[in-house]
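> As given, the protein sequences belong to chains B and Z, one line each in that order.
The first sequence begins at 1 in the working numbering and counts up by one.
The second sequence begins at 1 in the working numbering and counts up by one.
Misleading hints may appear alongside valid ones.
It does not matter which identical chain is meant; a pair holds if it fits inside one copy or across any two.
[As the list claims (entries may be wrong)] No more than 25 Å apart at the CA atoms, straight line, and that leaves these computed lysine-lysine pairs for PhoX-like: (1) K276 - K262; (2) K173 - K45; (3) K31 - K47; (4) K220 - K47; (5) K273 - K72; (6) K273 - K153; (7) K332 - K273; (8) K274 - K262; (9) K273 - K262.
Hints are computed from structural coordinates only; laboratory data are not their basis.
In this text the structure is predicted, and so the values were computed from the model without any measurement.
Number of protein chains: 2
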Amino acid sequence: MNEPFTLAIDAMGGDAGPQAVIDGAAHAAAKGLDARFLFFGDAEKLKPMVAAKNFRNADIRHASGVVAMTDKPMHVLRRGRETSMWFAMNAVAEGEAMAVVSGGNTGALMAVARKQLGMIEGIDRPAITALWPTPRGRTVVLDVGANVEADEKQLVQFAIMGEAFFRALMDVKRPTVGLLNVGAEDLKGHELIRAAARVLREADPDMAFKGFVEGNDISKGTVDVVVTDGFTGNVALKTAEGAARLVGGWVREALTGTLNAKIGALFMAPGLKKLKDRIDPSSNNGGVFLGVNGIVVKSHGGADARGVASAVNMAASLARHPFRDEVASTVKTVMDRRRAFATQEANKEATVAAL
Amino acid sequence: MNEPFTLAIDAMGGDAGPQAVIDGAAHAAAKGLDARFLFFGDAEKLKPMVAAKNFRNADIRHASGVVAMTDKPMHVLRRGRETSMWFAMNAVAEGEAMAVVSGGNTGALMAVARKQLGMIEGIDRPAITALWPTPRGRTVVLDVGANVEADEKQLVQFAIMGEAFFRALMDVKRPTVGLLNVGAEDLKGHELIRAAARVLREADPDMAFKGFVEGNDISKGTVDVVVTDGFTGNVALKTAEGAARLVGGWVREALTGTLNAKIGALFMAPGLKKLKDRIDPSSNNGGVFLGVNGIVVKSHGGADARGVASAVNMAASLARHPFRDEVASTVKTVMDRRRAFATQEANKEATVAAL
Numbered sequence: 001m002n003e004p005f006t007l008a009i010d011a012m013g014g015d016a017g018p019q020a021v022i023d024g025a026a027h028a029a030a031k032g033l034d035a036r037f038l039f040f041g042d043a044e045k046l047k048p049m050v051a052a053k054n055f056r057n058a059d060i061r062h063a064s065g066v067v068a069m070t071d072k073p074m075h076v077l078r079r080g081r082e083t084s085m086w087f088a089m090n091a092v093a094e095g096e097a098m099a100v101v102s103g104g105n106t107g108a109l110m111a112v113a114r115k116q117l118g119m120i121e122g123i124d125r126p127a128i129t130a131l132w133p134t135p136r137g138r139t140v141v142l143d144v145g146a147n148v149e150a151d152e153k154q155l156v157q158f159a160i161m162g163e164a165f166f167r168a169l170m171d172v173k174r175p176t177v178g179l180l181n182v183g184a185e186d187l188k189g190h191e192l193i194r195a196a197a198r199v200l201r202e203a204d205p206d207m208a209f210k211g212f213v214e215g216n217d218i219s220k221g222t223v224d225v226v227v228t229d230g231f232t233g234n235v236a237l238k239t240a241e242g243a244a245r246l247v248g249g250w251v252r253e254a255l256t257g258t259l260n261a262k263i264g265a266l267f268m269a270p271g272l273k274k275l276k277d278r279i280d281p282s283s284n285n286g287g288v289f290l291g292v293n294g295i296v297v298k299s300h301g302g303a304d305a306r307g308v309a310s311a312v313n314m315a316a317s318l319a320r321h322p323f324r325d326e327v328a329s330t331v332k333t334v335m336d337r338r339r340a341f342a343t344q345e346a347n348k349e350a351t352v353a354a355l
Numbered sequence: 001m002n003e004p005f006t007l008a009i010d011a012m013g014g015d016a017g018p019q020a021v022i023d024g025a026a027h028a029a030a031k032g033l034d035a036r037f038l039f040f041g042d043a044e045k046l047k048p049m050v051a052a053k054n055f056r057n058a059d060i061r062h063a064s065g066v067v068a069m070t071d072k073p074m075h076v077l078r079r080g081r082e083t084s085m086w087f088a089m090n091a092v093a094e095g096e097a098m099a100v101v102s103g104g105n106t107g108a109l110m111a112v113a114r115k116q117l118g119m120i121e122g123i124d125r126p127a128i129t130a131l132w133p134t135p136r137g138r139t140v141v142l143d144v145g146a147n148v149e150a151d152e153k154q155l156v157q158f159a160i161m162g163e164a165f166f167r168a169l170m171d172v173k174r175p176t177v178g179l180l181n182v183g184a185e186d187l188k189g190h191e192l193i194r195a196a197a198r199v200l201r202e203a204d205p206d207m208a209f210k211g212f213v214e215g216n217d218i219s220k221g222t223v224d225v226v227v228t229d230g231f232t233g234n235v236a237l238k239t240a241e242g243a244a245r246l247v248g249g250w251v252r253e254a255l256t257g258t259l260n261a262k263i264g265a266l267f268m269a270p271g272l273k274k275l276k277d278r279i280d281p282s283s284n285n286g287g288v289f290l291g292v293n294g295i296v297v298k299s300h301g302g303a304d305a306r307g308v309a310s311a312v313n314m315a316a317s318l319a320r321h322p323f324r325d326e327v328a329s330t331v332k333t334v335m336d337r338r339r340a341f342a343t344q345e346a347n348k349e350a351t352v353a354a355l
């Protein structure tokens with residue numbers, strides 16, 4: 001018995017325009033999502049679009065400004081207080097909405113989120129998640145671009161956040177976690193990755209931490225949560241998208257190259273439809289800004305209605321779950337244990353030195 | 001009018017065993033490669049395999065030892081001087097062979113190559129190449145695992161080596177070169193990547209340097225040569241392989257799921273054969289160790305005969321080309337210009353300070 005809750009939707013973010021955003025919310029509602037939608041944007045434009053969809057529960061909040069894709073985050077913080085992005089985030093900050101969805105400029109959205117929501121206690125830096133399909137379901141990869149570098153402590157925090165996120169989204173009790181690394185025996189990664197692995201092993205015995213994974217493990221689904229810095233994660237995600245698109249293009253060629261191929265394709269139409277859906281990136285749309293003190297989902301700027309619906313559903317799944325409290329308490333436990341270990345080690349050394 | 005030249009083949013390296021190696025060399029020879037093959041390994045085992053293939057020009061050199069996949073590089077350097085890998089490399093070091101191909105342990109092969117061949121003048125660290133298919137042909141990515149980190153100077157050297165390698169292998173006069181980076185406006189990569197880009201722009205005006213590329217550009221073929229550090233390159237390559245395999249698995253499902261699908265697949269058999277060949281990794285087998293003073297091609301340990309043939313053909317293409325001399329002279333030019341720029345800047349500053 002869930003009461004309907006409120007989602008703040010930045011209707012003006014994204015290259016595809018407000019129609020795709022409204023359509024996406026309507027699509028999610030039609031599929032059973034029982035939420036109240038607050039659409040932020042140009043009221044004149046939005047009114048007919050929203051009216052056409054017969055939402056059971058939706059309101060429009062006028063915002064005169066729009067954050068452009070090229071706006072610098074600092075510019076938006078200083079001069080963007082009349083934008084749909086700013087007002088939508090504010091609805092979460094004020095507690096009116098449980099989550100916000102925006103297809104706007106990532107850097108600006110991150111800056112506005114940090115400014116208005118602040119960070120979860122104990123988390124130094126936010127991380128952006130991405131979902132990736134696997135034969136077993138889905139894997140979450142983080143960070144895919146909030147920070148170009150991450151030290152040992154931040155990787156540990158990403159692991160804790162990613163694990164709690166996966167649990168909240170997928171309803172899995174003990175998601176498995178791996179640290180992205182390279183495989184060759186003699187170059188097992190940077191020292192800081194090894195250090196992060198040590199902390200996770202020693203200080204978080206509750207986590208199903210599986211050690212190091214390699215790039216190919218992302219698509220295999222070897223672990224539920226793949227942890228890395230934002231540079232490596234961004235490269236990996238985009239490389240995987242590129243490779244999937246390349247193979248998809250080859251498949252299309254094979255299916256349409258000749259008349260015989262076209263006839264053959266008719267026979268396998270249901271299988272091909274499923275294949276197309278699987279390759280379709282919209283089912284994985286929605287990057288969550290973990291670490292900020294509120295639910296912020298970044299929808300792809302060019303997402304169609306189905307893609308927006310995925311992002312809206314993701315926001316809804318997270319909104320009801322107390323995962324931010326879990327993150328805060330786990331981070332505290334792990335950091336306390338880590339400090340305790342460090343003190344123990346220092347005491348041992350002092351004892352040895354005194355002998 | 002090319003005279004046949006000699007290739008040293010470590011016949012014992014690789015998990016697939018010597019049969020796949022001999023078969024691969026025979027496959028390359030049957031397709032027109034006019035080379036003399038020197039097979040290094042257990043003579044008793046190799047004799048019947050080589051005899052069965054009727055090579056026009058092949059010899060066996062006995063080696064009693066084999067480098068195991070788990071051997072540490074240091075161990076091989078100290079105690080591995082009776083192995084097929086060591087002897088095969090020695091044939092290149094002594095000038096008897098023009099290139100060596102091995103499917104053995106990457107770390108050991110790199111250590112043996114550096115020890116016996118030394119480095120090209122001006123190159124600090126070696127880099128390993130990988131070929132990746134694109135709609136336009138192929139892209140080379142380097143480094144994919146020789147070093148977990150690379151500073152600005154090394155990235156510049158990798159770019160120079162990768163460009164010369166692509167020219168030698170693909171017979172392209174002015175290959176385009178890009179530095180792998182992340183795209184989001186506010187986190188345009190590490191400072192050292194930006195510094196490497198500056199050096200390439202200023203100090204190597206002959207190179208068709210296209211600036212930054214992103215992960216998806218690898219499979220698109222946006223540039224011919226993608227330059228990155230060994231950690232990022234290794235993750236990107238393996239992630240791409242994983243994603244391609246995932247989509248390949250979906251395609252297989254779509255083609256074999258139902259009786260109708262199987263009938264359909266018959267109609268499109270030629271297109272599917274081509275698709276299968278394209279997804280087949282063996283056509284891209286062969287990682288070259290750039291920077292060492294000789295041609296060393298690492299074949300995948302599990303490569304089949306076709307894969308080994310690709311690696312052997314790659315070794316042959318490079319062996320005839322003076323690309324190491326090109327690398328040495330370009331590196332010298334670029335580093336000299338860079339020093340000249342630095343001196344200019346220092347003089348300017350001194351002048352300003354004196355005013």
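> Find the hints from earlier in the document that the structure breaks and name them by number, from lowest to highest.
Of the numbered hints given earlier, those the structure breaks are 2, 4, 5, 6, 7, listed in rising order.
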